[in-house]
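Residue numbers (this note's numbering), protein chains in the order written: chain A, 90 to 424; chain B, 90 to 424; chain C, 21 to 345; chain D, 21 to 345.
Since the hints were derived computationally from the structure, they do not count as laboratory data. Misleading hints may appear alongside valid ones.
[Claimed, not checked] Within a straight-line C-alpha distance of at most 20 angstroms, the following computed EDC-like cross-link-like pairs (lysine to aspartate or glutamate) qualify:
{"id": "1", "chain 1": "D", "residue 1": "K53", "chain 2": "D", "residue 2": "D262"}
{"id": "2", "chain 1": "C", "residue 1": "K53", "chain 2": "C", "residue 2": "E325"}
{"id": "3", "chain 1": "C", "residue 1": "K184", "chain 2": "D", "residue 2": "D210"}
{"id": "4", "chain 1": "A", "residue 1": "K403", "chain 2": "D", "residue 2": "E333"}
{"id": "5", "chain 1": "B", "residue 1": "K205", "chain 2": "D", "residue 2": "D126"}
{"id": "6", "chain 1": "C", "residue 1": "K184", "chain 2": "D", "residue 2": "D213"}
{"id": "7", "chain 1": "D", "residue 1": "K47", "chain 2": "D", "residue 2": "E319"}
{"id": "8", "chain 1": "B", "residue 1": "K315", "chain 2": "B", "residue 2": "E376"}
{"id": "9", "chain 1": "D", "residue 1": "K184", "chain 2": "C", "residue 2": "D210"}
{"id": "10", "chain 1": "D", "residue 1": "K151", "chain 2": "B", "residue 2": "D148"}
{"id": "11", "chain 1": "B", "residue 1": "K403", "chain 2": "C", "residue 2": "E333"}
{"id": "12", "chain 1": "D", "residue 1": "K184", "chain 2": "B", "residue 2": "D148"}
{"id": "13", "chain 1": "C", "residue 1": "K53", "chain 2": "C", "residue 2": "E316"}
{"id": "14", "chain 1": "C", "residue 1": "K154", "chain 2": "A", "residue 2": "D322"}
{"id": "15", "chain 1": "A", "residue 1": "K205", "chain 2": "C", "residue 2": "D126"}
{"id": "16", "chain 1": "A", "residue 1": "K205", "chain 2": "C", "residue 2": "D97"}
{"id": "17", "chain 1": "D", "residue 1": "K184", "chain 2": "C", "residue 2": "E203"}
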Amino acid sequence: MTASEATTPRQLTYVAAVGEAFAQLMREDQTVFICGEDVGLYGSVFGVTRGLLAEFGPDRVVDTPISESGIMGMGLGAAATGLRPIVDIMFMDFMGVCMDEVVNQVAKMKYMFGGKARLPLTIHTMAGAGTSMAAQHSQSLEAWFCHVPGLKVVMPSGPYEAKGLMVAAVRDDNPVLVINTKTLLGMRSEVPEALYEIPLGKANIVRPGTNFTIVAIGRMVGESLKAAEQLVDDGLDVEVIDPRTLQPFDTETVVASVRKTHRALIAHEAVRFGGIGAEFAAQIQEEAFDYLDAPVGRVGAPFSPVPFSPALEKEYVPNADRIVAEVRRILGNRV
Amino acid sequence: MTASEATTPRQLTYVAAVGEAFAQLMREDQTVFICGEDVGLYGSVFGVTRGLLAEFGPDRVVDTPISESGIMGMGLGAAATGLRPIVDIMFMDFMGVCMDEVVNQVAKMKYMFGGKARLPLTIHTMAGAGTSMAAQHSQSLEAWFCHVPGLKVVMPSGPYEAKGLMVAAVRDDNPVLVINTKTLLGMRSEVPEALYEIPLGKANIVRPGTNFTIVAIGRMVGESLKAAEQLVDDGLDVEVIDPRTLQPFDTETVVASVRKTHRALIAHEAVRFGGIGAEFAAQIQEEAFDYLDAPVGRVGAPFSPVPFSPALEKEYVPNADRIVAEVRRILGNRV
Amino acid sequence: MSLSRETLLDIHRRMVRIRVFEEEAGKLMESGKVPGALHLYVGEEAVAAGVMTHLRDQDQITSTHRGHGHLVAKGGDLKKMYAELFGRVTGYCKGKGGSMHISDLDLGMLGANGIVGAGPVIAIGAAFSNKFRKTDNVTVCFFGDGASNEGTFHEAANMAALYKLPLVFVCENNGFGEFTSQERHQAVHDIADRAAGYGMPGVIVDGMDAIAVYEAAGEAIARARRGLGPTLLECKTYRFFDHVGIRGMGVIYRDDSEVIEWRKRDPIGLLEAQLAEQGILSAEAATSVRDGALAEVQEAIVFAEASPFPPPEALMEDIYTTAGL
Amino acid sequence: MSLSRETLLDIHRRMVRIRVFEEEAGKLMESGKVPGALHLYVGEEAVAAGVMTHLRDQDQITSTHRGHGHLVAKGGDLKKMYAELFGRVTGYCKGKGGSMHISDLDLGMLGANGIVGAGPVIAIGAAFSNKFRKTDNVTVCFFGDGASNEGTFHEAANMAALYKLPLVFVCENNGFGEFTSQERHQAVHDIADRAAGYGMPGVIVDGMDAIAVYEAAGEAIARARRGLGPTLLECKTYRFFDHVGIRGMGVIYRDDSEVIEWRKRDPIGLLEAQLAEQGILSAEAATSVRDGALAEVQEAIVFAEASPFPPPEALMEDIYTTAGL
Ligand SMILES: Cc1ncc(C[n+]2csc(CCOP(=O)(O)OP(=O)(O)O)c2C)c(N)n1
Ligand SMILES: Cc1ncc(C[n+]2csc(CCOP(=O)(O)OP(=O)(O)O)c2C)c(N)n1
Ligand SMILES: [Mg+2]
Ligand SMILES: [Mg+2]
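Okay, chain A solo, but in the shape it has when bound (with noise of 0.2 angstroms):
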C-alpha cells in the first residue's frame, strides 16, 4: 500500500498518526490496553498517547512504576493469557533494562512450549539521536533484535508508517518491536482516518531508480531521498528502498532492485559496525553477486557512544551529505 491509496489527503504529524493508530485499535478491540511510564494521566513524554486515558480508562490504560523488566513481564504474561497487550518503552536505550524479558521470554516463549502459545505483544520504543540527550538517551539498537529468532521488528520512517505499521503490529499474533524515531515526531504528511495496515514484510520503493539502490531504514530514508536529487547531477537515478519491517526483511524486493541498478547502499542511523546494515549488505552480495558492480556501501553512525555535545552529535548522525559521500566513494572511479 502506497500513499497514494490512502482514503483522504489529511496530514497528521507522525506523533498524532501513532496516537490514532492506538485510539483506533483499542476501539476495534477489547482486550487491547497499554501500559507504560506516564503513558495514563501524561500522555506519555512523548506526547503518543495523549488522550487514551481519558477515552479508555485507567483500566486500558495503565500507568507503571518505573519498572521495565515488570511492565515487559506484564505484558507476556498478559498477552500468554488471552489479552493484546502494547507496552511502551520509553527510549530504546532502556531496553537493556528488560532484554531478558524481550529475548529470552517473548521472544522464545512459543517455540520452547512447542508452539502452544499465543503473544500478540507489542512492544513500543523511541530511538534515535539528534537531540542533545547523550550516549544513554540516543540509541538506535535495532540490530539487537533483528538477530533474535520469535521476534519481529519494524521501524517507521514516517507518519504514514507509523500509524500502518502499529496496526499491522498490534493485530499480529506475534510480539512485534515498533521502533519510532523521536526526530521524526513532528513531521507531516498525508495519513488515511481509516485504520489500515501495512504488511509486514513487504518493503516499500520509495522513489523508483535505474542505476542505483539505497536501502534506508527510518530517519535515514528521508535523507536518502534528499541524497538521491543531489545524485542525480553525478548521472544516478537513485531507487530509494523503505524495508520498513526489518525482520522478517523482504530479501526479495532489495535483491531485485539490486539486479536492475548494479550498486547498492545501505542507510540507517545505528552504529555501522554490527549494525542491521551489514545483515543487508551480506545478504545482497550473496543473492546478487553477478550482478554486482561495486561492493554494497554501509552508512551508519561512527563507533562511538552518542555524544552530548552539539558540535560532535552533528558530526555522529548520518545526513545526506553522508550518503552522497559514500555513494560517490564506493562508485569511485567506476562510473
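Please arrange chains B, C and D with the ligands on chain A, whose structure you already have, making use of the hints.
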C-alpha cells in the same frame, strides 16, 4: 604468537587453561578479584574457578547472590575505583539480565566522562549450544556486544587461546568481554605454563591456504579445519583464520587473505541472520570487491531458538559438513 | 480450617506422584537416558501439593527451573511430561523445551523457566489479565530463596501490591541458591520480611508440613480471589537431592548431618503419620498409593521411550504464529 | 549532636550555591542556550548539603539524572559544570556527557546517570572497593522514590547488607517519579520500610530540614565507616520545579496548592530561620552568601560560554583507554 612458540609441550584442557590464567593473574596483581555465582566454594559450575577460593580467600574470590545486575555493577564500581575485577556471568544467555549495566554503564562510562575513567574490567561468560540445555542456556550472542562502542570482545577457539586471551583481557585497561564455549571445555592442547598474552585485535592464521578463506570463531574454528581437509578433494587449499578478537576486528589480516584466495566464507555458531558474520562479510566485500570470484558465504545457526531435543539440536548446531556444503554451494559452477 | 478426608488424600496423592516422578526421572538422567540437566523437587512436595490443591485449571502458575513438581501437582499428564524430558514429539513442548521449559497452558501452567527470577514478572501479567477480564482466577508465582535476590522479584512484588493483583508469591525457601546457602546470599533469615516493603502481608509456614502449607495457601489464595491483593508466602523447605540430579549427600556445600536432619521431616512421611493417626490412611493404603503412582510413572516412561523424536523439519516450526494459532 | 557554627554555615552555603546554580541553569535551558534536558534540584538542597558535608574527597557518591546538586555539594567546580552543560570542551566531560552524565572522579563523584536505578549497583562496587583496599572511605548512593522500584535497587541493597559494605543509600523521596506520584507507583508510604527486608536499618528524615538530614546522615555514615554496614536513609523532600525545566505550577500531575504548601518549608528559608534564631546568620549575611554564589555562577557561565566546543576529532577520542590513561 602461535602454539609452536609455546615454551613447553605441556598439554592442558580448555577449562584448566582458563583456571590457570585466573590464578596466575591473581598472583600477579593484588587488585584482581573475581566475583560471580558459585565461583568460590563450588569453583563455578563449569569448574573454571576451582581452587581459587582456597588460594586467594573470600575477599578476592567472591560468591554472589543471584543478582546479575548487582554483580555487573559491582564490577564496574570496583573498576572505576582502582580494582581490576573479573566478573563471571555463568551462561551468556544471562547477559540479558544485566544488559543495561554492560551496554549503558560499563561500555559508555569512559566516554561520557570525557575519558576520565579507567575501567580494567573483564566479563567472563560461557556460550554455545550442543548440551541439551535448550533455548535459555545455549545462545551465542557476541554480535550484540560487537555493536557496542566501548567494549572489546574476544572468543577463544581452544585452550591456548583461552589462556592467552584471558591474560590480555584482564591486563587490558578497558572492559573486555571474554566469551568461552562450553562444548570446548574438555578440549586439550599445548598451553605454556608461563603467563603469556595473545594480543587483542590480532587474527591468527590457523591453517595457511591459497585459494579459499574461511573466517571462523570459537567452536567453528575446529570445524573449519575439518572442513578444510574434506575440501582438499575439491581442489581447494583452504586458509582458516581465527580472528580471536571480534571487537576490534582484524580486518587487515582477513582482507589480505581474501585478496589472495579470492573466495571466502564466515562460520560461527550464532544465529546466521544478524550474526557477526554479516559484518565480516560486509567488510570483505567492501575491501576486496575486485578480488572476489564468488559471494562471501556465511554459516551460522538457523533462525530459531535453540531446541532441547537432541534430534533437533544436532540439526541446529553448525558443523564441518555444513561448512563444506556451503562452500560448495557458493562456489557452484564457479570452480 | 479442618480438612476433609478427600482433601487430605488428594494432597497426599499429589505428593507421592511428584516423589515417584522425580525419583524415576533422576535415575534416567543419571543413567544418561534423559538428556540435559534435571532439577528435582524431592523434599519440597508439600509446597506444590499444598498450594495446588486449591487451584482450578483456569488459575495460572509460574514455575521455575525446578518445575516438574509444580506441573504434576497442577494435574499434568505424566506421559506428556516424560515424553518432554526425553525430547520426544509427543511431549508437552514437542521436545523443544525439555525439563526447564515444561509447560501446559491449558492447565494454566505458564512454564518452568531457565532464567532464575523470570517467573514473578510473568505472573503479574497473568494476574493483571485475570483482573482485566473480570474473572476471579488467581495466579501463583513459585520462586526460590535464590530468586528472591533478583530484581525481577522486587519489581513484580511492588506492581502486584500497587495494582492489588490476584496473585500469591510462594517462596520455596530450600536454603540454597544452587550451591550457596541462604546466609551466604542474603542477610535476612525470613524472606517473608520483604513483604512489608511492598505493602503486602508476609506469611511463614513450615514447608515440610503439607497441611500447614494447605491452610496458609488457602488464606492467601482466598484473599487474592476476593480482590484484596497479593500475599508473600514463604515455605521453609529443603532440597533432598543435589541442585541437579539425585546425589544428596557428600557434597561440598552442605553437611550430610543437615540433610539427615531434614530427611527426618520428610514431608510425605510427615503427612502419612498424620493421616495414619487420624485413621485416614493405613500403611497398606499408603503403599498402594505409591505403587499406583509408580505404575503410572512406569507407563509414562514406556510411552515416552516408545515415542518418536521430532522430525528435522520441526526445527523451524512453532517460532511464529501464522494463521490463527 | 550540636553542630558547630562553621558546619552550619558550610551546609547553608552549599545549599545556596546549588539553588543559584540550578535557577540560572534552568533559565539558560528554557531560553535554549543550554541544549538538552535539565533535571533541576531546587527544593531538595537540604539532602545533598546535609549528606555531603560529612564526606571527604575520597568518599564516593553515585548520583542520578538530577545530579547537579550532588556535584555542587561535593565541591564541584562550577566553571567545569557549566561548561559541561553548554557542551564545551572545558567541561567536566569535555562536553561529551552533559547534564545527565556530569561527573568528577577526583571528587569521588561517579556520575549523574541517564538510567534510573543505575546508581545503586555501581555504588556497591565502589563500596566493595573501599573495603577491599582496607580504607575507611564510604560510598553514598542517591536515588529517587521512582528508582526505588527498579530491580537494581533491590539487588544492590541485598548485596550491600550481605557484605556489610560501607555504604549509605540515600533515597530522595520527592513524591514523584517523573509525573507519577508516589501513591501511584508503590503501595507503601515509607520507602525506608524496605530496609528491614535486606537486614539493614531504615531511617526516615525530614528532607527539608538540613540539620535533621545532617544528623541522620552523620549516624549512617559513621556506622558505615566503622564497618557496621549499610543504612537506608529516606529523606522526605519535594521538587519545586517540573521534572525537566523550571516550571513548577500549573502542571497536570499535581495541584499548585501542594507546591505552595511545600514551598512554605523551603529548605533554605527553613535553615536561614534556624540560623537567624541562633544568631549565626543575619539576613544581610544570608543575602551576601547568595550574592556571592550568584557572582560565582555568573562567572562560571561567562567562562562556559566563552569556551570552545570540542573539535570534530574529539568525537572518536576517549572511547578506549590506550597507553596508561
Ligand atoms: C538469571 C539466572 N542466573 C543464574 C542461573 C543459574 N541457576 C540456575 S538455578 C540457580 C539457583 C536458584 O536458586 P533458587 O531460586 O533458590 O531455586 P532452587 O534451585 O533452590 O529451587 C541458579 C543460580 C539462571 N538459570 N538464571
Ligand atoms: C531505566 C529508565 N527508565 C525510565 C527513565 C525515564 N526517567 C527519567 S527520570 C525518571 C523519574 C525518576 O524518578 P525518581 O527516581 O523519583 O527521581 P526524581 O526525578 O524524582 O528525582 C524517569 C522515569 C530512565 N531515564 N531510565
Ligand atoms: Mg533455593
Ligand atoms: Mg522522585
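Of the hints stated earlier, which fail here? 8, 14
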